[in-house]
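A.B. asks: One-letter residues, chain by chain:
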Amino acid sequence: MADIHFDTITKRFGGTVALDAVSLTIREGECHALMGENGAGKSTLGKILAGIHRPDGGTLMIGGSRKIFHSVPEARAAGIGMVYQELASCPDLSIAENLLLGHTPCRWGLFVDRRTMAAESRDLLHGIAPELDVRRMMHSLSVAQRQLVQIAAAIGTRAGILVFDEPTSSLADAESKRLFAIIADLRKRGVTIVYVSHRLPEVFELADSISVLRDGRLVGTLSRSEATDDVLVRMMIGRPLLSETEIRKEGGPSKILLEVRGLSSPGLLTSLSLSAGAGEIVGIAGLVGAGRSEMARAMFGLDAASSGTVTIAGTETSGLSVRGRMKAGLAFIPEDRKLQGLALELSCRRNFSLTIPEKIRRLCFLDHHRETALLTAFFRMLGIKTSSPDAPASSLSGGNQQKIVLAKWLARDARVFILDEPTRGIDVGAKSSIHTIIRELAANGAAILLISSELPELLGLSHRIIVMRQGEFVGEVDGTLATQESLLRMMSGL
Amino acid sequence: MRSLLRNPVGRAVLSLVLVCLVGVVFNADGTFFRWDTHRDMLRLVSVYGILAAASTIVIITGGIDLSVGSLLGLSAVCFSIFSIHRGWGAIPSVLATLCIGAVCGSISGGVIGRFKIQPFIATLAMMVFARGFAKYISAGQKISTAVQSTDGTFSYVPVPGIFDFIGTRIWGDNIAVVTILMIVVLFAAWVFLSQTVPGRELYAIGGNEEAARFSGVPIPKNIIIAYAISGLLCAAAGIAQAAQELQGDPEAGASYELSAIAMVVIGGTSLRGGTGGIHLTVLGILIIGYLEKILSINAVGEETRLMLTGAIILAAVLFQKKGD
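Residue numbers (the working numbering), protein chains in the order written: chain A, 1 to 494; chain B, 1001 to 1324.
Since no wrong hints were added, every one of them can be taken at face value.
Simulated restraints, written as ranges between beta carbons of each label pair:
id	chain 1	residue 1	chain 2	residue 2	range
1	B	Leu1004	A	Lys359	32 to 38 Å
2	B	Arg1006	A	Arg54	19 to 25 Å
3	B	Gln1118	A	Lys359	33 to 39 Å
4	B	Leu1318	A	Asp390	25 to 31 Å
5	B	Leu1004	A	Asp185	52 to 58 Å
Chain A is nowhere near these chain B residues, computed Cβ spacing over 10 Å in every case:
id	residue
6	Leu1018
7	Gly1132
8	Thr1168
9	Tyr1290
10	Met1307
11	Thr1309
Here are a few chain B residues that face chain A, going by a calculated C-beta distance under 8 Å:
id	residue
12	Thr1196
13	Tyr1203
14	Asn1208
15	Glu1210
16	Thr1275
Note that these hints are calculated values from the structure, not bench results.
Virtual Cβ for every residue (Gly too), placed ideally from N, Cα, C.
Could you put the whole structure together from the sequences, leaning on the hints where they help?
C.D. replies: Quick look at the structure:
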């Protein structure tokens, strides 16, 4: 394996230019980070290397010879593996079957050799997630566990070049640490790593050199020693960023808007109680699988088996449907914007107005003028960039998609917001504007429950942080006193 | 041209223009240019068009309704029994038949929405059941004005006025009443799907059911509404069919579901759900209608016609797909 050289690579999707004549060299054996905001083109560049996209212009050279990959197997045969940001796996197959998909061991060229398959897949998982039973079905795993399996599958191809596309976007800190150790180990074995991310700390931890893309163009390549937070952020967004941890925590005890008593769900949640007042941001910390999202779903009426009471602004909501709870003043921004937040093929307009039927109706019919007025107001307020409100949501960048999810709930004038990973997988610029929105919501008297796997985000925003472990609340700390270390200890039960 | 092809409406319009150009070239000594050819084409597609409107609503939700043909047959039989044998008036007969259609549809919808049975299976069951029920209540006979008495002799009753009314043409013989009925149904379905909140919610369910649920959209209720409307429209189609044939045939509408689905898909509404609409289905109806008419005025035999239609459906769908 040898150096990878992108020469004036151009890629268009429909009318948008994802990559505009990007030239870049990745040296053999290094860990090269590709950074940039969402929509900057960093994932596209990685996908061209892995054979998923074909460039519209320019050439890709590996070790001095020109390569054009027409498919993923072609790239794989050339020693290039990829860990995708979007989870791609077959939910109804076992871990072992998923790991060896495409090269399943056979006996007599026809029959599946289950024993070899189990052994091989155990080897693959060994360094990454030894606790997982390879016979388990993929759909029974959490998002993070699936991500780990996928990483194992990519490493298992024994590729000389591995592309990681935002591998930590669904991992909690402990699992991320495990991934970093694996990457360090791969580098020792001489594997070239292309690491696509917009998270500064992990890039600093892993990368030898860092290339920054913005709007499909290469802004520059820095070596690890030249790069600092400030320099990178300025390169990524073209302007300096407000401090992430700039905290606004004021106001004393206030009117209780959210009151949860004895919320339980068999096998998932054990007797959770909490309350949140107007203007308060309550953070929920926990490792992946601690039951944070399950709690949010139960509170929103999406878990039929749950018991206990949830009172929203004085309305007791047990027995109410999702819409009933919405009317009581509850809003829920789910963790997975592609599966739960948006119907991607539908227009931005239709996604936006899905939560506000009573506002866009006049008698039996839709009031298009009112709908457009509301949409324009909220899209402007959140700075959502679309080519047209009738463009499909899938045509937007991740950050703008997430803002549409926020917009559809902000438009409801809710009093209590549950935000589940509101900034997962979005770029630095969009992240900071979402943080500002969260603070403003609280300042305007909403109660906010913030679920996040990013400790700096929790610490920066929350007045109080409740720690969850295995479906239970195990502690509560003041937001100003908590540290990443103290939270981590409580989360992992050390 | 490119932007025209990127738009599903543009693609469907282009397909329709191509089909019509074939008609202009093979005009069968000018037959294609006469209004009565177009009038007859519209009359022939009317019943299918109503079923296509019903199927569009269901397909938008990501579902499929295989029972439309059987429900048409059941409704034709029921309507004939009510109005011919029982001698009910036009309004009660029509209302009772529409109710039966809506109830059958909402049963399918309930099974799909509440018990999470795949639409293909649930409506397949309804398709078989409704056909059987139609044969049961008609004792396998066509329900016509020839009424068999207990001693085995036939007596003839007069044709109810409603049959005559629906089966005729109006406006100086220029348009069939069934065509008007189809236009009214298509317009109502368009209003429902694109101008009301429940219509919007059906698109959301088809686009991403999970996201719709997380947005508070009541899924089972909407699914039931969609299939109930589908059943209601099938009953309307059954009434039109009975009136045209002057009888209620328990075998009526067999395999019509496939034509209805073909019209929807050729228009460009995706079977995945979430996209498309009645405006596309209108184009799909016209494409298939003209295709059949052009082949028939050129006296192409049935076997060739079927093979050509199959090939052209495939070509049209591939063409639709190309722009995605």
